[in-house]
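Undergrad: If you read the protein sequences in the order shown, they are chains S and Z.
In this text, residue positions in the first sequence follow my numbering: the first is 1, and each later residue adds one.
In this text, residue positions in the second sequence follow my numbering: the first is 1, and each later residue adds one.
The set of hints was computed from the structure by calculation and includes no laboratory data.
Nothing here was measured: the structure is a model prediction, and the numbers come from that model.
Treat the hints with care, since some could be wrong.
[Claimed, not checked] Computed list of lysine-lysine pairs in BS3-like fashion (alpha-carbon distance at most 30 Å, straight line):
(1) S:Lys83 <-> Z:Lys20
(2) Z:Lys148 <-> Z:Lys96
(3) S:Lys329 <-> Z:Lys61
[Unchecked claim] Just the calculated beta-carbon pair ranges, DEER-fashion:
(4) S:Gly51 <-> Z:Ile44: 35 to 41 Å
(5) Z:Asp334 <-> S:Arg54: 56 to 62 Å
(6) Z:Glu104 <-> S:Trp310: 50 to 56 Å
(7) Z:Arg57 <-> S:Trp310: 24 to 30 Å
(8) S:Asp48 <-> Z:Ile44: 35 to 41 Å
(9) Z:Tyr317 <-> S:His325: 47 to 53 Å
(10) S:Trp310 <-> Z:Glu147: 22 to 28 Å
(11) Z:Asn199 <-> S:Leu18: 49 to 55 Å
(12) S:Asp321 <-> Z:His18: 17 to 23 Å
[Said to hold, decoys possible] To list a few chain Z residues with every Cβ distance to chain S over 12 Å, as calculated:
(13) Val62
(14) Thr137
(15) Lys205
(16) Arg243
(17) Thr263
(18) Leu279
(19) Glu315
(20) Tyr330
(21) Gly335
C-beta atoms are modelled at their ideal positions from N, C-alpha and C, and glycine is treated no differently.
This is what each chain is made of:
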Amino acid sequence: MESNFILELIGNNIWAYLVTALIPLIFVVVYALVAILGELKIASWVQDRLGPMRTGPWGIIQPVAEVVKLLQKEDITPRNANKPLFNTAPFIVFTGSFAAFAAIPYSSKFIPADINIGVFYIFAVSSFTVIAILMGGWASNNKYSVLGALRSASQMISYEIPTCLSIIAIAALANSLSVSHIINAQSGWFWNWNLFGGQGPLYKFLFIPFTLVLFLVYFVGSLAEANRNPFDIPEGESEIVGGYHTEYSAMKFAMFYFAEYANMYVVSSMITILFLGGWNSPFGNFLNSPIWQAVWFIGKAMFFVFVQLWIRWTLPRVRVDQLMHICWKVMLPAAFVSLIFISLLGVIN
Amino acid sequence: MSEVKDVSVVLGQVPTQHMKLNVGPQHPSTHGVLRLVVELEGEIVVDVYPVIGYLHRCFEKVAEQHTYTQVVPYVDRMDYVNSMNNELPYVLGVEKMLGITPSERIQAIRVICAELNRIASHQIAVATFGMDAGAFTPFLYLFRDREKILWVLEKLSGSRLLYNYIRIGGLMRDIYPTFKDDLRDIIKTIRETNAEINNLLNNNKIFVERCANIGILPPDVAINYGCSGPMLRGSGIPFDLRREEPYLIYDKLDFDVCVGSGTVGTVGDSWDRNWVRMLEMEQSLRIIEQAMEMIPDASEDVRAGIPKRIAPKGELYSRAENPKGELGFYIVGDGKPKPVRVKGRSPCYVNLSVIPEISKGYMFADLIIILGSIDIVLGEIDR
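Here chain S stands alone, though its shape is the one from the complex (with noise of 0.2 Å):
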């Protein structure tokens, strides 16, 4: 296990997996209070305000104060709400965004499971959330729910197919599925990364028209698949108030929330990993030891997080017809293409 350095720290035993799983379940929420606070001061930061500024220093603790605040909160569950569903979705989404995590790589020391189809497992778990948002829209007995809930069923099962067929063409690229792997072949100057085709001879860079369009792809449909700006109409707040977590309040709304950011992060790294070279420093070797690997993994991830939070308080909505437009006529031919001479890079390498 030379991909878990806790393993070799403390031994092959029980205490040693359970820091394992500890770790990722701290930065989770860690990065949500951050992203929480980042969201707040990136958004007045486009709109030309302050942003909270009372809580604490440059209120640098306001996630904590929302955290709080939504704890206090009462617990409503709607009284014709179907009980069972509505109480458990909240923990299905989180569930979902989390255990993305148990695969996430953070440096080439620590990889909480490198599983060989680590990709895959990241991807299926992370598609999870449909099904406990479409729970949660059906069960809250709401017009305006179950309105948020289809429209998301529909959207992130129609965007799965072409983010799928980009990771599909990576996976050509890297001839494997595992994480550790599809970075490794991308180590050295970031002119290895996938993004520019990954490694191989001069005349790969023929190919990064293609390898661009499957990252536009992959990131236009990440936005999608974690129900961002311009792809939020499940919770188009101007069209169905809430969508699927209209009658949710306190802790169960917040799960939601959570696991929003959670899944962000999710896809960032996966764009991270199939893309950007994972941990790999863009510099060769220069600063690429293993502590430095997880700064710029992290690093790497942040700056997606950051264009979402970017991209949604920048551009408008767009309308359901639309947005199946955009993904079957638009990103699903590019996205075929694209993988097909993928593949045929990856049969010449």
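Based on the hints, put chain Z in the right spot on chain S.
TA: Structure of chain Z alone, referenced to chain S:
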């Protein structure tokens, strides 16, 4: 073996149950307390039925209990984002009944106030329209600039929204010394921000796709329903009361009547209505620039013309171009200090009545866009 039943299903004609959705009175996009009963087939709007009256404050009855001067603050509260323009038709009507014509300085100040408030009102319209489409940032940019206008109007009248500034026969008080500098500052800021809003919102591909060809209001339908303001001009009819029936000093000012031209879609779609508002903001700035030069430097007692006793006799319909359309008051006086009857003709009310006509067959998300493009203020619809 059970008998096989012969079930014939014609594809595309499977009967489905329509869903009735109650949008409002508490809904993020109904711009107040409007309630829309929407019948949906999937996401397609089959029928819309607006229900109003949640903000009814008996304006017309209250006006009968108060003197002519005391009605002015109530008029302010009709379209509460647009008080200066509300005061104009009422005050002009009473002045006409009394046979008073205020001096040119007062008229120029009134025009500037009205146009400033028109810009503020259009800013809210464009901002909330963008928010209906899901763009939150332009909303805050426009509200930031609107604040500058509100500061100037607050310096003039003492209040931010409900001014009670235009009085029968005059004004509440004269302009303050740095008024013109503030106006120049506002004109510069608004031109800069509107260019930015055009980049960020109005010419945004997603936004254009959302608004173009949505909620098309043909010119004949617009006339039949009695639409006015940007609703009517968005459909390509250059009807503006400032030009057709000039009041105050509008006949001496040079400005264009902006109409929708179907730049990105069809004439009279939601994008055109929004675009007309953007263009009108620029025209209002031009009007302010010209009217500013008409204010004489010498100060004047703007309260001198206010009559001691206001008790007109007769009846008349007075109208003016409000940012939302034609706002009119039918005033009946019998020679006593209190009006016998004040009837308000609300442009938002008339414009809203067209929504069932133009929103059928579009998707539910489009209905929100159409409603946003009408630019309603419930305070005026319900009165």
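Undergrad: Next, verify each hint and record whether it holds.
TA: Checked hints:
1. With a CA separation close to 24 Å, the supplied pair Lys83 of chain S and Lys20 of chain Z stays within the 30 Å bound.
2. Taken as a hint, the Lys148 of chain Z and Lys96 of chain Z pair is broken in the structure, with Cα atoms around 33 Å apart against an allowance of 30 Å.
3. The straight-line distance between the Cα atoms of Lys329 of chain S and Lys61 of chain Z is roughly 59 Å, outside the 30 Å bound, and the hint therefore fails.
4. Taken as a hint, the range 35 to 41 Å holds for the pair Gly51 of chain S and Ile44 of chain Z, whose Cβ atoms sit roughly 40 Å apart.
5. With their beta carbons about 58 Å apart, Asp334 of chain Z and Arg54 of chain S fall inside the hinted range of 56 to 62 Å.
6. Judged by the Cβ atoms, the range 50 to 56 Å given for Glu104 of chain Z and Trp310 of chain S holds: they are separated by roughly 51 Å.
7. Evaluation of the 24 to 30 Å hint for Arg57 of chain Z and Trp310 of chain S yields a failure: the beta carbon distance comes to about 43 Å.
8. At roughly 39 Å, the beta-carbon separation of Asp48 of chain S and Ile44 of chain Z lies within the given 35 to 41 Å, and the hint holds.
9. In this structure the hint that Tyr317 of chain Z and His325 of chain S lie 47 to 53 Å apart at CB holds, the actual value being about 50 Å.
10. The hinted window of 22 to 28 Å between Trp310 of chain S and Glu147 of chain Z holds, with their beta carbons roughly 25 Å apart.
11. About 53 Å separates the C-beta atoms of Asn199 of chain Z and Leu18 of chain S, a value consistent with the hinted range of 49 to 55 Å.
12. A C-beta distance of roughly 19 Å is found between Asp321 of chain S and His18 of chain Z, which places it inside the suggested range of 17 to 23 Å.
13. Every beta carbon of chain S lies more than 12 Å from that of Val62 of chain Z, the smallest distance being close to 34 Å; the non-interface claim holds.
14. The claim that Thr137 of chain Z is not at the interface with chain S is violated, since a C-beta of that chain comes within 12 Å of its own (minimum 5 Å).
15. A beta-carbon of chain S is positioned within 12 Å of the beta-carbon of Lys205 of chain Z; the least distance is around 9 Å.
16. The Cβ of Arg243 of chain Z lies farther than 12 Å from every Cβ of chain S, with a closest approach of about 33 Å, so its non-interface assignment holds.
17. Distance check for Thr263 of chain Z against chain S: the nearest CB is about 18 Å away, which clears 12 Å, and the non-interface claim stands.
18. At roughly 20 Å, the least C-beta separation between Leu279 of chain Z and chain S is larger than 12 Å, which holds for a residue marked as non-interface.
19. Every CB of chain S is more than 12 Å from the CB of Glu315 of chain Z (nearest about 44 Å), matching its label as outside the interface.
20. Here Tyr330 of chain Z stays apart from chain S, with its beta-carbon at least about 37 Å from theirs, past the 12 Å limit.
21. Listed as outside the interface, Gly335 of chain Z is consistent with that label: its C-beta sits roughly 51 Å from the nearest C-beta of chain S, beyond the 12 Å cut-off.
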